[in-house]
Every structure is written in structure tokens, then in C-alpha cells.
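Next come the chains, spelled out residue by residue.
Protein chains: 2
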Amino acid sequence: MDYQMIHTCIRVMDLEKSEKFYQQAFGFTISRKKDFPEYKFTLSYMSAPGSPFELELTYNYDQQQPYELGNGYSHLAVGVKDLEGSHTRHQELGLNPKPLKGLAGGAPKFYFVEDPDGYLVEVVRV
Amino acid sequence: MDYQMIHTCIRVMDLEKSEKFYQQAFGFTISRKKDFPEYKFTLSYMSAPGSPFELELTYNYDQQQPYELGNGYSHLAVGVKDLEGSHTRHQELGLNPKPLKGLAGGAPKFYFVEDPDGYLVEVVRV
Numbered sequence: 001m002d003y004q005m006i007h008t009c010i011r012v013m014d015l016e017k018s019e020k021f022y023q024q025a026f027g028f029t030i031s032r033k034k035d036f037p038e039y040k041f042t043l044s045y046m047s048a049p050g051s052p053f054e055l056e057l058t059y060n061y062d063q064q065q066p067y068e069l070g071n072g073y074s075h076l077a078v079g080v081k082d083l084e085g086s087h088t089r090h091q092e093l094g095l096n097p098k099p100l101k102g103l104a105g106g107a108p109k110f111y112f113v114e115d116p117d118g119y120l121v122e123v124v125r126v
Numbered sequence: 001m002d003y004q005m006i007h008t009c010i011r012v013m014d015l016e017k018s019e020k021f022y023q024q025a026f027g028f029t030i031s032r033k034k035d036f037p038e039y040k041f042t043l044s045y046m047s048a049p050g051s052p053f054e055l056e057l058t059y060n061y062d063q064q065q066p067y068e069l070g071n072g073y074s075h076l077a078v079g080v081k082d083l084e085g086s087h088t089r090h091q092e093l094g095l096n097p098k099p100l101k102g103l104a105g106g107a108p109k110f111y112f113v114e115d116p117d118g119y120l121v122e123v124v125r126v
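Going line by line, the protein sequences match chains A and B. Using our numbering, read the first sequence as starting at 1 and increasing by one per residue. Using our numbering, read the second sequence as starting at 1 and increasing by one per residue.
Derived by calculation from the structure, the hints in this document are not laboratory data. Cβ coordinates follow ideal geometry from the N, Cα and C atoms, glycine included. There may be inaccurate statements among the hints.
Unchecked claim - Far from chain B, some chain A residues (derived; all Cβ distances over 12 Å):
1) L15
2) E16
3) K17
4) E19
5) K20
6) I30
7) Y61
8) G94
9) N96
10) K98
11) P99
12) L100
13) A107
14) P108
What the hints assert, rightly or not - Calculated pairs, EDC-like style, for lysine to aspartate or glutamate (alpha carbon to alpha carbon, straight line, at most 20 Å):
15) A/K81 / B/D2
16) A/K101 / B/E38
17) B/K101 / A/D35
18) A/K109 / B/E56
19) A/K101 / B/E56
20) B/K101 / A/E56
21) B/K40 / B/E56
22) A/K20 / A/D117
Take these sequences, add in the hints, and give me the full structure.
This is how it looks when you write it as C-alpha cells:
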């Protein structure tokens, strides 16, 4: 039986703000968006051009408090060729990316940036 | 600047148990695995055959308590053609899949199954 990973889903407090963040930071576009008033939620699916994998954003009408992010889920990773250029661009956009890092004393290979709800996105050199 | 989603990362309590779950339930294989004793963690990357997107499992040596999953992160979704066959197979494997569901009175289109740490995986008909 053939399985493929097709999306990852996070709950967000402000759908438009999150959509704008992922569009601005990573060039993702909204591939599908559907409102389910009977369940009191809206689903927005975003993806990178040419890639089938989607980020699903769930907006629950009645959520009042910020979501508890816990310490289990870690991050979504996004690959880019020009890591330093991306870091500079994210700084210029005012997204406060964390410093460039490498593991075990190696050359810089990644950095993290927080989305509007505080979820970490790892930007990785590919 | 061109960005692609490349992996999603969760922290797990028992790496071999999680690897076995994702292998058995979804046919994912370990594409890379690396131990970082200096940081006291091991990273295991799993993927579906033929797909570049990976699930990163992080095992922290010193984690004593189960991770707090919170209510922000929702799930990873996995697509399969034969949804009913997959549901039966997951039942037979003793994975206790939740009932098949459709939204808004529609035909069954998905179900959820929990991984060993309690993270939800949505199995979606594609």
C-alpha cells in the first residue's frame, strides 16, 4: 500500500496574518481555502510553487487564547539555496530571524524564524 | 528566492518505537540517521519511497517526561488511494485507527491514527 506525506497542519490565531507571513517569508501561495461554518473553522492550504506538499492552516472561530505550543512538535523546515541571502532578506522584512548556525562546529547550514503564532520554521541550505 | 518545504520535525520518547510505527503503518524508510552526542540528541529522517519530503524524529537523551503536545500543532497528513483498505490494515496491525470520517455529511475521506507519542496522523484518500 502506497502512502505519501501530503500536508502538515497547525492551528493559528489570525489566518490572514499567517497567510501573509508564509507568503512573504517563503513565497508560498494559497492553493485551496475552505470555510466550514457548521464546524466553526476555516482551512487554508499553502504550498511552494511546483511542490505538492502543503501547509494546512486551521483557523477555529472560537479560539480565544493563544494556542499552547508545548514541547513535542518542533518545526517545519524549508530549504533554500542562498541561505545567507535569505537570512538578510528575512532581517530586512523585520521577521527577526535567529542567527545562522551550523552543527558541531561546521559552516552555517540553517537558522530559525518564528511565525506569528510562535511556531518555528527552520530555513536550511539545500 | 526559491523555497521548498523539506521536512517536519517532532520530538519522540523512544526512537526505535517511532521508527517502527512509521515504517509499519506507512511504509516510510529511514533515509538518514545521525547521532550528536555533543548535543545529546539523535536525529532520524524518514520518508516515503520516491518522495523528497521527510519526517524528522528527534530523540533527546535526557528527556524524562512525555512531551507536552499542546493544542497548536495538529497533525501530519498521509495520502493513500485505498482508504478503507488502509483502515482495515491499521486495525489488523493493532494501531487503533479512529473511525473513517467525511466532512459535512460527505463520503468517508479520512481517519486519524495516533503514533507512539500521541501525535495524530491523518490518513486521507487521494
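Where does the structure disagree with the numbered hints, that is, which hint numbers, in rising order? Structure breaks no hint.
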